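Q: Each chain, written out:
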Amino acid sequence: MNFTSTPLLIEARSVDLGYGKKKILSGISFSIYAGDFVGIVGPNGSGKTTLLRAILGILRPLRGEIVLGGGSNGPFRVGYVPQRDSIDQMMPFTVHDVVMMGRFGKLGAVKLPSEEDRKKVRLALNHVDIEDIMDMSFKELSGGQKQRTLIARALASEPDVLILDEPTNGMDLASRAAIMELIRRLHSLDGLTVIMVSHLLSDVATSVKKLILVEQGLFQVGTVDEILTEENLSKLYNVPVSIGDFLGNKIILAEPRNV
Amino acid sequence: MSDFEILKTILTEFPYALFGSIVAGMLCAYLGVYVVSKRVVFVGATLTQVAVAGIAFSHLPFIEVEPLFGSMAFTLAATILFAQLLRSKVIPQDSVLGASYVVAIALRILMIQSSPAAEVSEIEAILKGDILFITASQFYLLLGVFLVIMALHLLFFKAFIFVSFDAETASTQGFPSRWWELFFYLTVGIAVSVATRIVGDVFVFGFLVIPAVSAMLIARKVRNVFLLSVTFGAIPPILGLYLAFILDFPAGPTTVATAFMFLLISWIINRVR
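Those protein sequence lines, which keep their order, are chains G and C. So the first sequence is numbered by my numbering: it starts at 1 and just counts up by one. So the second sequence is numbered by my numbering: it starts at 1001 and just counts up by one.
Just so you know, the hints here were simulated from the structure itself, not pulled from any lab data. Hints may contain errors.
Said to hold, decoys possible - DSSO-like mimics (lysine-lysine), calculated; alpha carbons at most 27 Å apart, straight line:
| hint | chain 1 | residue 1 | chain 2 | residue 2 |
| --- | --- | --- | --- | --- |
| 1 | C | 1038 | G | 111 |
| 2 | G | 250 | G | 235 |
| 3 | G | 111 | C | 1089 |
| 4 | G | 250 | G | 209 |
| 5 | G | 23 | C | 1221 |
| 6 | C | 1089 | G | 139 |
| 7 | G | 106 | C | 1089 |
| 8 | C | 1038 | G | 119 |
| 9 | G | 22 | C | 1089 |
| 10 | G | 119 | G | 139 |
| 11 | C | 1038 | G | 146 |
| 12 | C | 1038 | G | 106 |
| 13 | G | 250 | G | 210 |
| 14 | G | 106 | C | 1221 |
| 15 | G | 235 | G | 23 |
| 16 | G | 146 | G | 106 |
| 17 | G | 235 | G | 210 |
| 18 | G | 235 | G | 209 |
| 19 | G | 21 | C | 1008 |
| 20 | G | 146 | G | 119 |
| 21 | C | 1008 | G | 146 |
| 22 | G | 146 | G | 23 |
| 23 | C | 1008 | G | 139 |
Unchecked claim - Derived Cβ-Cβ restraints for the label pairs, each shown as a range:
| hint | chain 1 | residue 1 | chain 2 | residue 2 | range |
| --- | --- | --- | --- | --- | --- |
| 24 | C | 1155 | G | 76 | 50 to 58 Å |
| 25 | G | 88 | C | 1150 | 20 to 28 Å |
| 26 | C | 1239 | G | 109 | 48 to 56 Å |
| 27 | C | 1155 | G | 119 | 35 to 43 Å |
| 28 | G | 122 | C | 1099 | 31 to 39 Å |
| 29 | C | 1110 | G | 109 | 38 to 46 Å |
| 30 | G | 115 | C | 1077 | 40 to 48 Å |
It should be emphasised that the depicted structure is a prediction, and the values quoted were computed from it without experimental measurement. Yeah, the Cβ is synthetic: ideal placement off N, Cα and C, and Gly gets one too.
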């Protein structure tokens, strides 16, 4: 229970999630408050994406409900950053075109973008340091630039919560560090509520404040120190896991096994 | 006969063939931009065959309805089915389309076999792509469909673009991709069913693919892809009819071959640029 005045943004109440008759997660409950920085972690196939889709409102729970709080101005708005590899585009959309899509939700199906919308787009581009590439074609960008463009699009929608799906997947070390730094900055300087799905525990461990561990029968919500324990991770991945500390960062090592 | 006289003959003797094929070319070329960019080109091939099967169905002795109704009923039913099945992960997309394509051809053959001989020739004219004898009423029907579909697409341009670029995020922003995809496929279904009845399956499938690919090879802005694609849909029918006239070729396939020349030119421009 939260005794502070921090607004509750997302609340899952005894939710079962799945597709058709196939139940993937059952009886899960959690709360996310304004200003939280939440990581959703779990092994491949554990249901991270399923949970994300439910929070986004794309997947209806089989049982229970996910309640979304009121937005700060108008209806509750989610800024979603999908996995960039899920966007396989042949059309020559420019970075500006893509970020403008972030305004479409506010504009509705018919209304055309105004000068105000163009201003908000430029602001979002500037916020993630890509104003100089706004006329470049999205399909010709590097992985890091694409990710920044998708984050700018989410910011252009003026979201109550930023939700990112595997934001650093498939990136080199430098791009990964830069994107994680950007996400941390959006949370700490702008006070944005962030939910991030990642299978890279090191990314999550050094950034988020709260963790949701997704696995049927082992679903847990808590702080990083409560969740990322050797016992939890050994059970989760079914191999012995050791956790150490290096320069204030968690180092997680697992013994190899055949997969 | 000089070039001018040939063009004048086409314009005076076959005005509906000329303007009808231009309108059909522009309509298919516009929708083709989405069809190609969504990588569902085989939907075009399948829907044209479903439309022909619908026309064959309408000629069955115990049915006997206006072929356009048969074409539209079959195509719209297939469109609704595709909109559901293409989202499913149970059957791969290409398998759904492959099975539908071959079943549509098989049904067409079976139904032609059962049709009276006089009507078989009409179906064969569609398959051969004989566009010279487009009637005034067919032209106005095609023009009406073109205007309505273009109006809808321009009105909801943002939604179609967003859903086509990133369906999942569009859903989170108040554009439920499931319904917008269905809406899109219905417009394609109506366009394909009407156009196939009038200009033939080879023309329709050709113009759903070739102008859009040609445009994507050289356009650097999204708006220009649509403008160029529609232009590449409008010009080949004029040249195609002219070439068909002087070479004594069937007009539909000649027009498609002419559109392909534009694709080759676009590809060369793309390579040397």
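Q: Look at each hint and say if it fits the structure.
A: These are the hints, each one checked on the structure:
At roughly 24 Å between alpha-carbon atoms, residue 1038 of chain C and residue 111 of chain G fall within 27 Å of each other, so this suggested pair holds. Distance check on the hinted pair: residue 250 of chain G and residue 235 of chain G sit about 18 Å apart at the alpha-carbon level, within 27 Å; holds. At most 27 Å may separate the alpha-carbon atoms for a hinted pair to count; residue 111 of chain G and residue 1089 of chain C exceed this at roughly 34 Å. Pair hint residue 250 of chain G plus residue 209 of chain G holds up; C-alpha atoms about 13 Å apart against a cutoff of 27 Å.
At most 27 Å may separate the alpha-carbon atoms for a hinted pair to count; residue 23 of chain G and residue 1221 of chain C exceed this at roughly 44 Å. With a CA separation close to 26 Å, the supplied pair residue 1089 of chain C and residue 139 of chain G stays within the 27 Å bound. Proposed proximity of residue 106 of chain G and residue 1089 of chain C is contradicted: the alpha carbons are some 31 Å apart, above 27 Å. A distance of roughly 30 Å separates the Cα atoms of residue 1038 of chain C and residue 119 of chain G; the hinted pair therefore is violated under the 27 Å criterion.
As the CA atoms of residue 22 of chain G and residue 1089 of chain C are separated by approximately 14 Å, the hinted pair is consistent with the 27 Å bound. Using a Cα cut-off of 27 Å, the hinted pair residue 119 of chain G and residue 139 of chain G holds, with the two alpha carbons roughly 24 Å apart. Our distance criterion of 27 Å between C-alpha atoms is met by residue 1038 of chain C and residue 146 of chain G, whose separation comes to about 19 Å. The hinted pair formed by residue 1038 of chain C and residue 106 of chain G meets the criterion: a straight-line CA distance of about 25 Å does not exceed 27 Å.
Proposed proximity of residue 250 of chain G and residue 210 of chain G is supported: the alpha carbons are some 15 Å apart, at most 27 Å. A distance of roughly 24 Å separates the Cα atoms of residue 106 of chain G and residue 1221 of chain C; the hinted pair therefore holds under the 27 Å criterion. For the given pair, residue 235 of chain G sits about 21 Å from residue 23 of chain G by alpha-carbon distance, which is consistent with the 27 Å threshold. Only pairs whose Cα atoms come within 27 Å are accepted, and residue 146 of chain G paired with residue 106 of chain G is accepted, the gap being roughly 23 Å.
This hinted pair checks out: residue 235 of chain G and residue 210 of chain G have alpha carbons roughly 20 Å apart, not beyond 27 Å. Distance check on the hinted pair: residue 235 of chain G and residue 209 of chain G sit about 22 Å apart at the alpha-carbon level, within 27 Å; holds. Among the hinted pairs, residue 21 of chain G with residue 1008 of chain C is inconsistent with the structure: their alpha-carbon atoms are about 66 Å apart, more than 27 Å. Note on residue 146 of chain G and residue 119 of chain G: the hinted pairing holds, with a Cα-Cα distance of about 21 Å set against a maximum of 27 Å.
Between residue 1008 of chain C and residue 146 of chain G the alpha-carbon distance is near 53 Å, which puts this suggested pair outside the 27 Å criterion. Annotation: proposed proximity of residue 146 of chain G to residue 23 of chain G is violated, straight-line Cα distance about 34 Å (limit 27 Å). Pair hint residue 1008 of chain C plus residue 139 of chain G does not hold up; C-alpha atoms about 46 Å apart against a cutoff of 27 Å. Remark: the range hint 50 to 58 Å for residue 1155 of chain C to residue 76 of chain G is contradicted by a beta-carbon distance near 27 Å.
The hinted window of 20 to 28 Å between residue 88 of chain G and residue 1150 of chain C holds, with their beta carbons roughly 27 Å apart. At roughly 38 Å, the beta carbons of residue 1239 of chain C and residue 109 of chain G sit outside the given window of 48 to 56 Å. Between residue 1155 of chain C and residue 119 of chain G the beta carbon distance is about 25 Å. The supplied range of 35 to 43 Å is therefore violated. At about 49 Å, the beta-carbon gap between residue 122 of chain G and residue 1099 of chain C misses the expected band of 31 to 39 Å.
Separation of residue 1110 of chain C from residue 109 of chain G is about 43 Å and conforms to the stated range, judged on CB atoms against 38 to 46 Å. The supplied range of 40 to 48 Å is met by residue 115 of chain G and residue 1077 of chain C, whose beta-carbon atoms lie about 46 Å from each other.
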